[in-house]
Structure formats: C-alpha cells, structure tokens
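Generate coordinates for the entire structure from the input sequences, incorporating the hints supplied.
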Amino acid sequence: MKFNKWTIGLAAAGIVTLPSLTNAAEANMVQTVAAGTTLSGYVDVAAQWNLGTGNVNKPAYSFNGTGAGSKADGFNLNVVDLVLDKPLDETPWAAGYHVELGFGPDAGTLGTDSTFGNAGDFGVRQAYVALRTPLGNGIDWKIGVFDTIIGYESTSGPNNPNYTRSYGYSIEPTTHEGILATYKICDAASVTVGVANTFGPVVGSRHPTKEDTKVWMASMALTAPQNWGWLAGSSWSAGIIEGFSAAVPNGGGAGAGNGNLTHVYTGLTIATPVTGLKAGFALDYRHPHATIAKDDAWVYGVYASYQATEKLSVHARAEFVDDKAGLIVPAGSGINVFAVTATVQYDLWKNVLSRAEVRWDNAQNGQLYGGAAGAPTLRNAVMLAANVVYKF
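Going by this note's numbering, the residue at position 304 of the sequence shown is 589; the numbering climbs one at a time, nothing skipped.
Certain hints may be false.
[What the hints assert, rightly or not] Straight line, CA to CA, 27 angstroms or less: simulated BS3-like cross-link-like pairs of lysine-lysine:
id, residue 1, residue 2
1, K469, K499
2, K563, K596
3, K596, K635
4, K371, K676
5, K635, K371
6, K563, K676
7, K469, K563
[Unchecked claim] Pair by pair, the computed Cβ-Cβ distance ranges are:
id, residue 1, residue 2, range
8, V629, W515, 22 to 28 angstroms
9, L568, Q592, 23 to 29 angstroms
10, E595, A657, 47 to 53 angstroms
If you're looking for bench data, these hints aren't it; they were derived computationally from the structure.
For each residue, glycine too, the CB sits at the ideal point set by N, CA and C.
Next up, the structure:
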C-alpha cells in the first residue's frame, strides 16, 4: 500500500496512524525520519508596572512594546516558543535540523515575517539544516535562518540573566538568512564565519538591485580550560558583521533605505574566587556607512550574577548608551542614557523560572520619558516586573 508524503509526515508527527497493512519498508521510513527529533520550548508571561510615566515615551529597549502594544502597567503574554530539533551526532558526516517558531507579541516584534506576507504575532525564529563535513576537527554548517553570532544576551528570554533586554541587544542584529560555518580549533577555541542576505531579520529580504551585495560575518570564542583554577569556564568572544541593511539609508541614521552597516562586538564572562559569583562585560559598536559624520552608536554593559543557593540567584546589569544614530534616543538630540537593572530569581517549581526585576533608566542630559507623545518631560523611568516562564 502506498501513502503520499503528506500522510507519512502526519504519521511521523503522531497525528494519524497508518493501517496495519502498511508496507514494512514505508513504516520503517517514518520511524527513521522521526528518530532523534526532540520537541521543546517555553511559555513566557509577565506583569509590568511603569511608575509615573503615563505609559508614554518609555525606554526604547527591545520587546518593551509601543503604542497599543505597550507592555506597561498590565499583564502580558510575551511569547510561546516551540522547537523541533535534531542535533548533530558525533559521526563525521552528521546531519540534522533546527526549527524554532514563536507565537505572541514578541514573535511579531522580532520582525522575521517573510517579505511575501505579514504573519502578525507569529515568527520563524530559526529554521536551518545542520551538516558536518569531516575536514580537520570537523566543520559544522548551518544553512537557512539562524541567530546572529554576536551578543551577550539571547533572543530567548529564559537564557538571559535579566528579564528586560539590554540596550546592547537592542541595537544588535537578531537573525540572518544565509550560511554559517563553525570550526572547533580545540576544546578552548572556535571560530565562526558566514554570509547572509542582510543584517536581517526579515526572511527573504535582500538588496533590491545589487545581486552581489551581502552581509559578511566572523567571530571567535575562547573558553578557559578546567586546569585554570577558579578562572575555569571563563569565556571571551568577539565578532564583526558588515554589509547591507534594508533598514538604514545610504545617508546614515535610522529609517528605511539601502545602506551598509558595520557592527563590532566583544564580550567577556569571568568566574571569580567567590563561589557562585560571575562578572561580565559587553561592548557594542554600530557604524552606518554614511555620508554624515559622527553617526555611530556605542553601548557599554557590565554584568554580575551570584548563585546564592540551588534555587536562588541575583543578577545585576549597568549600561551606558552613547547613541548618535537614533537607535535608542532621537538622532542629534545629544542625550546619553544610563540604565541599571536588578533581578532576583527563585526557582520554586520544577521547570519554572520565576523572577522579579526593577529597572531604572536615566536620560543624562535631557528628557526622554513621560509627558505627551513626542514631548517627554522626565529624565528618569522606573519599571517593576514579575516574569514567569515554563520550560518544557
């Protein structure tokens, strides 16, 4: 008995059952396709209170919400994240895949919607084929849509030390569509290089007229080996991404256009002699290839995390933003931003991440917050949040 590919796919997902007369070879094919695939993900919800701003002119970090989509002063579904994954095994010619889908406001904000249509509160976070070629220690490839190779923080909120995103994350690219190669030099060092259509994140985006215009990227990561004493596990990474962005005009600054960008990142996480205490540093520099001088953005971040008990941890972050490109503050305003975030996490329930956070953003030499639309009157913005994530 013959079955089409659609029926076999449904059977592999467990949605339908093949009749008992199914040919043994076809049944075996279904089992083989599904073998090694795992389903995981998380549900991310939160409550947020922005003190005294009237919910207008809030700090412009990623996923904070704007307009009718504001997260201020209410309860929020952030995102439902679903992952189908078949990781590479240890064989020389290993193959696998990774599909990560997002549902909810944060998935829409990520902006990976295809150029062929807007999917609203849905996004393809990642979708790539993973391959290995046995050259030297082996080269691992990703072909498709994948997370950016730089940054201290992740698009996956539960992987970050704080609930709210940093300004460094907010000016970084998030996803790319292209090809990526990673080579592990040794246990302590690896390098990654790749090429993509654009800085992202829109799937299917590319230069409208120049077929050879792409984005190039490279990064390196070093990890301190176990025989380094208390420094063991400390890590340093650095990377550069350069090329076409559909969101930056040739003249520089924010807005629509077809200009080029350079983004440079370096980050460091250091173990300390104090058990459970780690410190970190991150630097993001974004330079539009513009005809306008002094149109760059710099973000400096300092991190500290302390694992007090098996369930209790405390995390702090301080940032300074010097933004002349209009990414965080209005271009040409001359206003810098200083921000401090403190987070307490207590994992009371199994598979549940629960944390409380306070964040203070300060406009150093002007007003950026509160007031009326387009007419801020406050230099300070304070936010309280409670975040609960179930991971499966």
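So, going through the hints one by one against the coordinates:
Among the hinted pairs, K469 with K499 is consistent with the structure: their alpha-carbon atoms are about 25 angstroms apart, no more than 27 angstroms. The straight-line distance between the Cα atoms of K563 and K596 is roughly 16 angstroms, inside the 27 angstroms bound, and the hint therefore holds. Note on K596 and K635: the hinted pairing holds, with a Cα-Cα distance of about 10 angstroms set against a maximum of 27 angstroms. Using a Cα cut-off of 27 angstroms, the hinted pair K371 and K676 holds, with the two alpha carbons roughly 18 angstroms apart.
A hinted pair counts as satisfied when its Cα atoms are at most 27 angstroms apart, and K635 with K371 qualifies at roughly 25 angstroms. Restraint check for K563 and K676: the C-alpha separation of about 24 angstroms stays at or below 27 angstroms, so the hint holds. The hinted pair formed by K469 and K563 meets the criterion: a straight-line CA distance of about 25 angstroms does not exceed 27 angstroms. Separated by about 25 angstroms at the C-beta atoms, V629 and W515 satisfy the suggested range of 22 to 28 angstroms.
Checked against the hint of 23 to 29 angstroms, the pair L568 and Q592 passes, with Cβ atoms roughly 25 angstroms apart. Taken as a hint, the range 47 to 53 angstroms holds for the pair E595 and A657, whose Cβ atoms sit roughly 48 angstroms apart.
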